[in-house]
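Please put together the full structure from these sequences, using the hints given.
Protein chains: 2
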Amino acid sequence: MSNKELEMLRDRIDELNLEILEKINERANLVQKIAQTKVTHGAHRYDPVRERKMLDDILAKNDGPFDNATIAHLFKQIFKAGLQLQQEDDSKALLV
Amino acid sequence: MSNKELEMLRDRIDELNLEILEKINERANLVQKIAQTKVTHGAHRYDPVRERKMLDDILAKNDGPFDNATIAHLFKQIFKAGLQLQQEDDSKALLV
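Quick note, the sequences are listed as chains A and B, same order.
Position one of the first sequence corresponds to residue 0 (numbering that gives the first Met the number 0), numbered consecutively onward.
Position one of the second sequence corresponds to residue 0 (numbering that gives the first Met the number 0), numbered consecutively onward.
Hints are computed from structural coordinates only; laboratory data are not their basis.
One or more of the hints may lead you astray.
A pair holds if it fits inside one copy or across any two, identical chains being indistinguishable in the list.
Simulated crosslink set (DSSO-like; lysine-lysine; CA at most 30 Å straight-line) [as the list claims (entries may be wrong)]:
no., residue 1, residue 2
1, 52, 3
2, 32, 3
3, 3, 75
4, 60, 3
5, 91, 37
Shown next as structure tokens:
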């Protein structure tokens with residue numbers, strides 16, 4: 000592989016980083032919107048059944064190179080971060 | 000928010016999950032390709048300078064709702080998973 004080819008692969012990784020960033024934040028935005036609804040509807044925010052279903056759907060579509068354990072680990076981190084974001088929103092709301 | 004609107008938000012989250020999955024695996028594929036080159040070129044695989052640069056680029060573009068600490072945490076997990084994948088490839092190569 001030439002240096003130029005290596006450079007191209009790295010450029011594509013840089014692009015992918017930003018695309019992943021965008022999608023992770025878009026996802027967080029939607030999670031926040033849903034959380035606001037749940038406040039008014041009085042539903043629980045942490046929904047293990049929904050989370051399990053999401054994970055199953057994701058793993059069913061996983062064709063690597065990351066194995067299912069790795070993908071599950073990464074998405075659990077994303078889910079957890081979303082939940083923390085909702086808790087931060089709650090704290091801010093309490094201060095208003 | 001109506002149940003139908005909630006349903007639409009959840010559908011979009013499901014779509015985003017799969018888009019994130021796709022991009023994370025595409026990224027892992029490129030990382031593997033670069034790692035193979037490094038074997039033949041004898042370069043070190045773990046490149047903290049490159050990782051720092053990637054993280055800086057990502058954080059510079061982060062406009063939330065996740066804060067920089069959360070985004071840095073999530074991407075460090077993705078970087079680490081990529082490195083582990085390379086190590087697994089090494090082990091397999093040793094068995095051939």
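Should residue 60 paired with residue 3 be assigned to within, between, both, or neither, using CA atoms and 30 Å as the limit? between (33 Å within a copy, 26 Å between copies)
State whether the alpha carbon distance between residue 3 and residue 75 is at most 30 Å within one copy, between copies, both, or neither. between (36 Å within a copy, 26 Å between copies)
For residue 52 vs residue 3, is the C-alpha pair at or below 30 Å within one copy, between two copies, both, or neither? between (43 Å within a copy, 19 Å between copies)
With identical chains treated as interchangeable, where does the CA-CA distance between residue 32 and residue 3 reach 30 Å or less: within a copy, between copies, both, or neither? between (44 Å within a copy, 14 Å between copies)
Checking an output row: residue 91 and residue 37, CA cutoff 30 Å. Within, between, both or neither? Cα proximity of residue 91 and residue 37: one copy only (16 Å, versus 48 Å across).
Checked against the numbered hints listed earlier, the structure breaks none of them; every hint is satisfied.
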